[in-house]
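Spelled out, the chains give:
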Amino acid sequence: MVSLGKWSLAKKRREHKAGILGVTFFTVFLCLVIGGLGTMAQGAEKGPIKIGFISPHTGNFAQMGLDMVDGFKMYLDEINYTVAGRKVELIVEDEGEIPATAVTKMRKLATHDKVHLVAGVFLTAAVYAVAPVAVEAQTPLIITLSAGDDLTQRKRSKYVMRVSFTGAQLGHVAADYCYKKLGWRKAVTLGMDYGWGHENVGAFQRTFEEMGGKVIQKVWTPMVTADYGPYAASLKRDADGIFEVVTGAASIRLLKTLRSSGLMNKWKVMAPGTATDESLLPALADDGVGVYTVFNYSAALKNPENIKFNEKVLKVIKRAPTLGMAHSYTGADWIIRAIQAVKGDVENKDKFIEAVRAIEIPNSLRGPLKLDKYGQVVQNIYIRQVEKVGKAYQNTVVETYPMASQFWTYDPETFLKSPVYSRDYPPCKFCQ
Amino acid sequence: MEFWVNQAFNGISYAALLFLLGGGFTLIFGVMKIVNIAHGSFYLMGGYVGYTVVLLTGNFYLAFLVACCVIGGLGMGMERLFLRGLSGQDLRQMLITMGIALFLQDLSLVIWGGNPLNLAIPSYLSQSIQWGNFYFPVLRIFMIGAAAALFVVLWWFQEKTKVGAMVRAAVDNAEMSEGLGINVPLVTLGVFGLGALLAGFGGVVGCAFMGIYPGLDFELLPYAFVVVIIGGMGSLPGALVGSLVVGLIDNFGKALFPELSYFTLFAPMAVVLAVRPTGLFGKG
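From first to last, the protein sequence lines are chains Z and R. Start counting at 1 in the first sequence, then tack on 79, and there's your number in this note's numbering. Start counting at 1 in the second sequence, then tack on 484, and there's your number in this note's numbering.
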């Protein structure tokens, strides 16, 4: 037993040595093989296409941000995260509540993750801050929800494209409808005091006054406004209606205040569509009924694509469809079509950007879409009215402005010579 | 005339909501000497609990009862489990309330989602009383009434009852009170619960008035700060006066100089801090 023990010990030692050698060789071999495979794989198909996606997951707009991600993922699921023979990798980042957070995330996506393109972005203030970073890093930015007019106007760049809407694209149309169909001649405006409010109100005022109307009062409110009572009480009563630009939870407070202060008995309300987003309708309930909104989409649109989309959302995401989901879905569709057009070669940025700009979708769930040469989508703009159908509320489409441009009926070059719509432009000539 | 009446009415009704928030805040500060960062979360959770109760039972007043019990209990639990062990260490206690606030905010996002929710109120509350050219929303009148009633009850409790006297003693000198046989930890527990309860009550009112959503807690907290800094930390009448000042200034400021709304809100706070750092009713 003892000798056997010694022998086995010696054998064990030998085996041990051999084991070490074996492991070393095996490791070296493995490294060589994997390394070789790696280079081979790179030669063959270049790894996945990385798409960065920025949307708010915390704070006031958290739900909107989650809707955006869900809509985007729903589309990628449909194509099984594969396009033109390459896998798609989605990297989602939180936009946060302040533009600085969004900028940090954009930097991370561009320099650390080395994404091939970035989509999403919600807040106008955030997108104005994010775009320069994208341009600097030469990363294509395809805005799928945010506005921020100047990014496809005076501050345009070949790297920035937008398939959502601009503030003015909605404001111009709203003014036309209010003047011609609702018969307004005097209007008051109330807007959130940042880009989104400024650009909507500015566009509304310009078109409304060029037709002969008068904006007699412009009120700007902070983004965080707990009580709209004081603003509502100070509105000039001799107007025919109010154009308001208030988004998110604050929209509920404003409309409730307008209702309970008796102003809605007297006035019609017109607002951009974010004021009565499908996600807000249940909370608005009867207070929202009758409010007019102007937007590029409504979940109540009756085209076959949108009906299919609605059914799919209820099945996959299991919530009622919202503008956030619809915009992301269309945006993803757009991006994937462009990747197909370049046969997956997103590394060739110039070719890819050209492809994005050349895409035309004749039958999206929002209607026909194409980009103008400034990178902004030309699309149907709908006038909608909140209506109670059975127990639920919806944005019923009452009028369609087909293929409205961000420049409305103005000549783009002349339009671009005047400054971007802002707090003080156009100046309020008829304010008392 | 119409302008002044409307704005004053709006201001007072907003002050009522601020009092519900700031009243509890100042009570807690008075006894525990800590700034309860989770106070906005109590308000938020109160609103969510109230919303859920109305959704399930349809009873508006039951919502108040349940929200008060749940949030009061939550406050007491928090005091007993997390703050008691750290008594005397203000900074750590404050950091814990901060952590709890963040935790509750995310919890509400998970349970109730991020969409703004509004509490369905009985139809008689959602109407407006029209009187000549004036519209007075009944809900705002209800808010003013509720806050006024609560103030009277709390004031009576603090000034006229024996338990109230114990609370005042604990506020003024905790060690001396303990020496006299007052169970200060129990008083602290009770006051913390009461403060949370008030915030929960305010949350239900606020949920009906302006809706709730994750993030509202930190939007409202600065208002509570301003109210108690102007009124004086730890003083109930101070909280009342503070909320009236803030409510009215905020209203007239927004109506008369809408561009300066943050300035008109925080300027009085700066002035009070400079001239009388303890606040109008605070003790030095």
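Heads up, a few of these hints could be off.
Within a straight-line C-alpha distance of at most 25 Å, the following computed SDA-like cross-link-like pairs (lysine to any residue) qualify [what the hints assert, rightly or not]:
id	chain 1	residue 1	chain 2	residue 2
1	Z	LYS315	R	PHE747
2	Z	LYS193	Z	GLY423
3	Z	LYS345	R	TRP488
4	Z	LYS345	R	VAL489
5	Z	LYS467	R	PRO606
6	Z	LYS347	R	SER607
7	Z	LYS470	R	TRP596
Only some residues are given here: those of chain Z computed to face chain R with a beta carbon under 10 Å [claimed, not checked]:
id	residue
8	MET143
9	GLU176
10	PRO178
11	VAL182
12	ASP306
13	GLY308
14	SER313
15	ALA328
In short, the hints are calculated from the structure, not lab data. These numbers come from a predicted model, not from an experiment. Note that CB positions come from ideal geometry on N, CA and C, so glycine has one too.
Restraint status (C-alpha distance of LYS470 of chain Z to TRP596 of chain R at most 25 Å):
holds, 21 Å
Please check whether MET143 of chain Z passes as an interface residue: C-beta within 10 Å of a C-beta belonging to chain R.
holds, 8 Å
Does TRP488 of chain R lie within 25 Å of LYS345 of chain Z when you go C-alpha to C-alpha?
It holds: about 21 Å lies between the C-alpha atoms, which stays within 25 Å.
At a threshold of 10 Å, is the proposed contact between SER313 of chain Z and chain R supported by beta-carbon distances?
holds, 4 Å
Take the shortest C-beta to C-beta distance between ASP306 of chain Z and chain R; is it under 10 Å?
The hint holds - ASP306 of chain Z has a Cβ within 10 Å of chain R, the shortest such distance being about 5 Å.
Mind checking the CB of PRO178 of chain Z against every CB in chain R and telling me if the closest is under 10 Å?
Cβ of PRO178 of chain Z sits 17 Å from chain R, so the hint is violated.
Verify the interface restraint on GLY308 of chain Z: the C-beta must sit less than 10 Å from at least one C-beta of chain R.
holds, 4 Å
Is the Cα-Cα distance between LYS467 of chain Z and PRO606 of chain R 25 Å or less?
holds, 19 Å
Are the Cα positions of LYS345 of chain Z and VAL489 of chain R separated by 25 Å at most?
Distance of about 20 Å is within 25 Å: holds.
Closest C-beta approach of ALA328 of chain Z to chain R relative to 10 Å, hint status:
Check passed: Cβ of ALA328 of chain Z comes within 4 Å of chain R, closer than 10 Å.
Verify the proposed pairing of LYS315 of chain Z with PHE747 of chain R, using a straight-line Cα cut of 25 Å.
holds, 24 Å
Would you mind confirming whether the straight-line C-alpha gap from LYS347 of chain Z to SER607 of chain R stays at or under 25 Å?
holds, 23 Å
Of the numbered hints stated above, those contradicted by the structure are hints 10 and 11, listed in ascending order.
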